[in-house]
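Chemist: Using the sequences plus the hints, can you model the full thing?
Residue numbers (my numbering), protein chains in the order written: chain A, -19 to 266; chain B, 48 to 317.
The set of hints was computed from the structure by calculation and includes no laboratory data.
Some hints could be false.
Unchecked claim - From the structure, some residues in chain B lie toward chain A, with a derived Cβ separation under 10 Å:
(1) Ala68
(2) Gly144
(3) Pro166
(4) Leu167
(5) Val192
(6) Ile222
(7) Leu225
(8) Phe253
(9) Leu289
(10) Gln303
Values in this document were obtained by computation on a predicted structure and should not be read as measured data.
Beta carbons are placed, not taken as given, at the ideal position from N, Cα and C, and that holds for glycine.
Here are the chains, one letter per residue:
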Amino acid sequence: MRRSRWMGLAMVLVPLLFYAVFMLAPICQSFSYSFYKWDGHSAATWVGLDNYLSFVTDPVLASTLSHVLVLIGFFALLPIVLGLASAALITRRALPGMALFRFIYFLPQVLTSVVVALVFKRLYGPEGPINESLRAVGLGSWTKAWLGDFDWALPALGLIGTWVTFGFCMVLFISGVSSIPTELYEAARVDGAGPLREFFAVTLPGLRSQLAVALTLTITGALRTFDLVWVTTRGGPGTSTLTPAIALYRAAFENPQVGQAAAIGIVMALLCLLIAVAIGRIAERE
Amino acid sequence: MRTHKAETIVNYAMLVLLAIAVLFPVFAFVSAALSPDRSGIPVPGVFAWENFAIAWQEAEFSKSMVVSLTVAVSAVAAQLVLAVLGGYGFGVLNAAGQKFLYPLILFGIMVSIEAIIVPLYYQMRELQLTNSLPGYILIHVGTGVPFGVFWMRAAFRSLPRSIFEAAHIDGAGSIKMLLNVALPLVKPAILTYALLGFMWTWNDYFLSLIFLHGDNQTATVALGVFQGKYLTQFNLMAAGGLIIAAPVLILYIIFQRRFISGMLAGALKE
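Modeler: Here's what the structure looks like:
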């Protein structure tokens, strides 16, 4: 069997090579780029931590992080609360037709983001169903171009995220609940626990790993939002829906400040890593 | 019995309500695609099926759909080969150095594409691999390694050890064992991975926006360009959107359980 271990090494070296060239090497380069000021053509100059400090000194870049916080509310918290509520309310018995519902709830997950963006452009449009129904009930003065409004564009984008992620969270939680041992529920009932106590004592702890996964995926999803924003608002109006990924794209390819773009990428990756590790730790400890 | 029935009714009412919340936007989009009106407002009883043909021609989807298909099929094929090699090497053969090498690969699952995109672009530019399909496919293959190896390793490890021992006693070498014994048994995992990989590559927007232009545009980016040009013709835009979404949707309808269980399992195991 010893020989097979070397055979195994020979095999894993093939994917490792691709991984090293297309991921590991660029990560290291990203770090070194991030300490320079470079327009992509002329010579680069060393600027130390300036590109990182601009998250503090540049109000526009700083605002992308507060936009992310708003998006997290819509991409992560709202769908998870909705998903938990439905997982708690829906019976643990197998319901006929559940497969069809699962199919529907998962649909937004397989639709390409460009199409999702267009779907909501239609919904939010000046003559879209939302504005039409407002007019129909006599609230014509409330109608607006939702994605073109300084105050409403960000929450409107956020709701698209809610639509995309809530089905995933819900299906994840419902499948998680069905694997919680029935005895735990029976024991809780014997102890005289009401539905609310049952939820906090049995359901919620039983869904710990699913919760950790849902939180990690949706929060990092909110942090990395690009496609939806790019197709609907391009970060506008003004900079009201600018996300870090859009800022990165602009800095990398539109008016090249390559070092700045690399620093944004590194900050995003570190935040993702931090979120994943922190949530994993909390989920394990309890 | 009575509470049982009431419970069932409440459950279904909730499920239907949530299903409507998901389907309503889609329904509004489909009816816009079939509307003869440029703004996409549906006209009762009139279905403008020709919108699909017009959108197909105006957006030159025949080109970009072929690009997307080429890219997705070749990337998935290459990803599969790498994933099987890595998964088998780590999962069955216990590759020398795996204590260090496997966590190194797993680390890649946590690295977001944003952290590598900038140097990747400038490196590829140097190699003249920007706006080139092989270059773009290579990026998908390379960045797909972590999840692929992780996925196939789990599949190989779920096989009972005894079948490998039996094959070993029969004198089968590592490669013969992979081809004759292991591969046929992990076919379901391979199919699920191929479906997910196809979906991820087909649906990619960020990478193709950066790396491919003009004739090399993928369908998703072509749709984005189309919607910029035809801002005032929402019915055509919606029809184009449905065309682009169709291939993955058809696969999803056929293989729905694989898609759902694959995405849930992939997420949970990470």
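Chemist: Hint by hint, say whether it matches the structure.
Modeler: Here is what the structure says about each hint:
no., hint, in the structure
1, Ala68, "holds (8 Å)"
2, Gly144, "holds (6 Å)"
3, Pro166, "holds (4 Å)"
4, Leu167, "holds (5 Å)"
5, Val192, "holds (4 Å)"
6, Ile222, "holds (8 Å)"
7, Leu225, "holds (9 Å)"
8, Phe253, "holds (5 Å)"
9, Leu289, "holds (8 Å)"
10, Gln303, "holds (5 Å)"
Of the numbered hints given earlier, the model fails none.
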